[in-house]
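Read top to bottom, the protein sequences are chains A and B.
1 is the number of the first residue of the first sequence in this note's numbering; add one for each residue after it.
1 is the number of the first residue of the second sequence in this note's numbering; add one for each residue after it.
Keep in mind that the hints were calculated from the coordinates and are not lab data.
All C-beta atoms in this analysis are idealised placements derived from N, C-alpha and C, irrespective of residue type, glycine included.
There may be inaccurate statements among the hints.
Think about it this way: if two alpha-carbon atoms lie no more than 30 Å apart in a straight line, the pair counts; the simulated DSS-like pairs of lysine-lysine are [to be verified]:
1. Lys238(B) x Lys162(A)
2. Lys181(A) x Lys249(A)
3. Lys181(A) x Lys96(B)
4. Lys315(B) x Lys318(A)
5. Lys5(A) x Lys131(B)
6. Lys195(B) x Lys369(A)
7. Lys8(A) x Lys119(B)
8. Lys162(A) x Lys131(B)
9. Lys80(B) x Lys162(A)
10. Lys5(A) x Lys119(B)
11. Lys95(A) x Lys85(A)
12. Lys161(B) x Lys8(A)
13. Lys195(B) x Lys162(A)
14. Lys80(B) x Lys238(B)
15. Lys112(A) x Lys162(A)
16. Lys108(A) x Lys119(B)
17. Lys318(A) x Lys238(B)
18. Lys150(A) x Lys80(B)
19. Lys369(A) x Lys315(B)
20. Lys264(A) x Lys318(A)
A few chain B positions that, by computed beta-carbon distances, are all more than 12 Å from chain A [claimed, not checked]:
21. Asp171
22. Leu172
23. Tyr289
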Amino acid sequence: MPLTKHLKVAIIDSNPALGSKVCFKKEDPPDPRVSTVTPATISLFKDVGAWQYIERHRHAYFDKMQVWDYTGLGYTSYNARDINKEILGCVVENKVLHGSLLSCIENKDFQKTIYPSRLTSMTLHPRSSPMGMDSTSSRTPSSSLRHLAKLELTDGNSLYAKLVVGADGGKSRVRELAGFKTTGWNYSQNAVICTVEHTDGNQCAWQRFLPAGPIALLPMGDNFSNIVWTMNPKESMDRKSMSEDDFVKDVNNALDYGYGPRPKSSLLGNEDMFSWLRGYVTLSANECFEVPPKVVKLASERMVFPLSLMHANDYASKHVVLIGDAAHTVHPLAGQGVNLGFGDAFALSRVIAEGIAVGTDIGEVSLLKKYEAERKLANITMMAILDGFQKAYSVDFGPLNILRAAALHGAHYISPLKRSIISYASGEQRLPLFS
Amino acid sequence: MASKLLSHSHLRVIYSSNTRICSNPTRATRALLNLRPFSDSSSPPPLEMPQSHNNTINDTGMGRGSTPSLSSLKELELVKFASIAETWWDSEGPFKPLHVMNPTRLAFIRSTLCRHFGKDPNSARPFEGLKIVDVGCGGGILSEPLARMGATVTGVDAVEKNIKIARLHADLDQVTSTIEYCCTTAETLVEEERKFDAVIALEVIEHVADPAEFCKSLAALAVPDGAAVISTINRSMKSYATAIVAAEYLLRWLPRGTHEWSSFLTPEELVLILQRANISVREMAGFVYNPLTGRWSLSDDISVNFIAFGTENSKYENK
Chain A
1 MPLTKHLKVA IIDSNPALGS KVCFKKEDPP DPRVSTVTPA TISLFKDVGA WQYIERHRHA
61 YFDKMQVWDY TGLGYTSYNA RDINKEILGC VVENKVLHGS LLSCIENKDF QKTIYPSRLT
121 SMTLHPRSSP MGMDSTSSRT PSSSLRHLAK LELTDGNSLY AKLVVGADGG KSRVRELAGF
181 KTTGWNYSQN AVICTVEHTD GNQCAWQRFL PAGPIALLPM GDNFSNIVWT MNPKESMDRK
241 SMSEDDFVKD VNNALDYGYG PRPKSSLLGN EDMFSWLRGY VTLSANECFE VPPKVVKLAS
301 ERMVFPLSLM HANDYASKHV VLIGDAAHTV HPLAGQGVNL GFGDAFALSR VIAEGIAVGT
361 DIGEVSLLKK YEAERKLANI TMMAILDGFQ KAYSVDFGPL NILRAAALHG AHYISPLKRS
421 IISYASGEQR LPLFS
Chain B
1 MASKLLSHSH LRVIYSSNTR ICSNPTRATR ALLNLRPFSD SSSPPPLEMP QSHNNTINDT
61 GMGRGSTPSL SSLKELELVK FASIAETWWD SEGPFKPLHV MNPTRLAFIR STLCRHFGKD
121 PNSARPFEGL KIVDVGCGGG ILSEPLARMG ATVTGVDAVE KNIKIARLHA DLDQVTSTIE
181 YCCTTAETLV EEERKFDAVI ALEVIEHVAD PAEFCKSLAA LAVPDGAAVI STINRSMKSY
241 ATAIVAAEYL LRWLPRGTHE WSSFLTPEEL VLILQRANIS VREMAGFVYN PLTGRWSLSD
301 DISVNFIAFG TENSKYENK
């Protein structure tokens, strides 16, 4: 963007991947740390010219999704063609995402410096008192730096900045040093992440809700898929330490025949109840229930992460702003977390460009609050929905199960609702239902 | 009270020659204009003007044998602003409406000035090389963004305290520390024969004793074919309801008495007095406030706040 080209950027990150040019080869086994990027995020990447780098490495588009639960009372399947699109999303390893963004900025000409270190302290100078009339303003360097934020790093460097962007994840140090308060709670669940191999290819994203939490199978390309299995902490420790064969058996059990029956693909339902909707029924409503692919081998180590919901009460104050997981964390059940983060990042860059266009100081609170107002609504809406899902599916109670199944049916057959859901989850629509 | 120059026939001439002006004023305004006794003040020399109007009620009641440098300012207005000078940069204080409106005003200035001077609006410093004077700069709310956009800025204000505050704040940032602040008036700058590429006077003209003379000073500060940007509040029923009653009394956005409704100028009046000062108004826009989002935006609605961009046309005058 021409408006922001002149800004000097310092990236403070002790991640070794940033330092040397780590090339990863295609033969590398797939990393279990992956992200599912929505079409909206993909188009943002394309806008800045970073997506071309991702396409050179392993990535997997998928255009179908099937969601069901252990009660066997219903299922829903989505197809990208329901909203006239080609893909529902793409699953990319995190290291590929990092690498592509790094390659992208290396080829752009703006002043950037990478500090492979960590933040120890940060001083933001709040203008607490009105300026005194008698204070002399000496033009020494210290006075002109007085209004900037000062950061101190572990390697001894001191940096002065007009704006500090806290993009350092759920346990953000920037957020802690800036004193932002947060609201949230821990889900008493952990997620077990790993990569598995199966016999045939997979182009569909599968998610089955089990009593303790959902298990998701996401295609990664080349007969590999990523597993994200949410369960209570004790089971997660057991599953992490059990043998690989036992784990594979458990996974297949969870995906298909364990915990409950398969849902019946209700072709009959199409005939009687919904025939009057026939003309409006989406393509995927006519699809039968499909059985997910059988997992044959574990292809990576198993990693366990605790899950929680967190939202910072404010995203911005003078000279500092939070984006991504530093501002909010969500449950992985809908693959939205990183997409909210990318949405934040691109919104912030746009707001900064708009501010520079009218000569605003980029550390000013009024400008940063513009970004906050825009993203807070989108993030909180998504978080509320995901939290609602998490709570709805964590209770095994007869009438509630039937209600859930009815809702699943509704989402499957009622086309406007389904299109709305797909659009919203793809990031094409800002708010569910009312756009 | 500022003198208003128009009789109804003059108005009609203006409509045909200025195509960018919004549609005819409301019937209420027209009725108001008919009722007012107006006098033409362009003939008497500047110094004697305040005394030559028998029908003007000068509410400050001052004898105006004043020095030329203060001739277009009202003493009461100066006192009003001096008392709240420290709060200029408090974005939640009495100047909050100006802070909130600032980006919108700057957007208009940016697009009109870039178009006029042929600058690239997508550059981060489009005003590089332009000399701009911010008349009535106050605490520097407008001057600082203009400096960040690359302009060489001179800010003038008649209130000493404002200039001090502006200087202190501008020195905090290297980019804005180049702004030149002077505690003086437009008339004094004219006497010093200062010239600028663009003359900007936002939300000033309604506080000035003689708008016509003020506009002449602004025109004299501009180079030939220079730009002038003036913003003010329309004198309409709607502006009474919003800018006076709502803003000052109900919502308390502005301290009471900030504005005198009778000092407001209608767009037609502003265009005419600018025309007489050799500035042709090329574009006009209004500001509207959206209470749901809390933001201002540019629009065609000039019934309350409006801003005008004009060019100094002494190059082309055929008088």
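Hint-by-hint comparison with the structure:
Simply put, Lys238(B) and Lys162(A) have alpha-carbon atoms about 41 Å apart, too far for the 30 Å limit, and the pair is violated. The straight-line distance between the Cα atoms of Lys181(A) and Lys249(A) is roughly 43 Å, outside the 30 Å bound, and the hint therefore fails. For the given pair, Lys181(A) sits about 26 Å from Lys96(B) by alpha-carbon distance, which is consistent with the 30 Å threshold. Only pairs whose Cα atoms come within 30 Å are accepted, and Lys315(B) paired with Lys318(A) is rejected, the gap being roughly 47 Å.
Taking the CA atoms of Lys5(A) and Lys131(B), the gap is near 24 Å; set against the 30 Å cutoff, the hint holds. The hinted pair formed by Lys195(B) and Lys369(A) fails the criterion: a straight-line CA distance of about 38 Å is larger than 30 Å. Distance hint between Lys8(A) and Lys119(B) is fulfilled; the C-alpha atoms sit about 24 Å from each other, no more than 30 Å. Annotation: proposed proximity of Lys162(A) to Lys131(B) holds, straight-line Cα distance about 26 Å (limit 30 Å).
With a C-alpha separation of about 34 Å, the suggested pair Lys80(B) and Lys162(A) falls outside the 30 Å cut-off, and the hint is violated. Note on Lys5(A) and Lys119(B): the hinted pairing holds, with a Cα-Cα distance of about 18 Å set against a maximum of 30 Å. Annotation: proposed proximity of Lys95(A) to Lys85(A) holds, straight-line Cα distance about 27 Å (limit 30 Å). For the hint pairing Lys161(B) with Lys8(A), the CA-to-CA distance comes to about 35 Å; that exceeds 30 Å, so the pair is violated.
Between the alpha carbons of Lys195(B) and Lys162(A) the distance comes to roughly 34 Å, so the proposed pair goes past 30 Å and is violated. Restraint check for Lys80(B) and Lys238(B): satisfied, since their Cα atoms lie roughly 25 Å apart, inside the 30 Å limit. This hinted pair checks out: Lys112(A) and Lys162(A) have alpha carbons roughly 15 Å apart, not beyond 30 Å. With a C-alpha separation of about 24 Å, the suggested pair Lys108(A) and Lys119(B) falls inside the 30 Å cut-off, and the hint holds.
Between Lys318(A) and Lys238(B), the direct Cα distance comes to roughly 37 Å. Violation of the 30 Å bound is thereby established for this hinted pair. Between Lys150(A) and Lys80(B), the direct Cα distance comes to roughly 38 Å. Violation of the 30 Å bound is thereby established for this hinted pair. Taking the CA atoms of Lys369(A) and Lys315(B), the gap is about 46 Å. The hint is violated against a cut of 30 Å. For the given pair, Lys264(A) sits about 57 Å from Lys318(A) by alpha-carbon distance, which is inconsistent with the 30 Å threshold.
Residue placement check: Asp171(B) does not keep its beta carbon more than 12 Å from all beta carbons of chain A (closest about 4 Å). The Cβ of Leu172(B) sits about 4 Å from the closest Cβ of chain A, inside the 12 Å cut-off, so the non-interface label is violated. Its beta-carbon lying about 15 Å from the closest one in chain A, Tyr289(B) satisfies the requirement of being farther than 12 Å from that chain.
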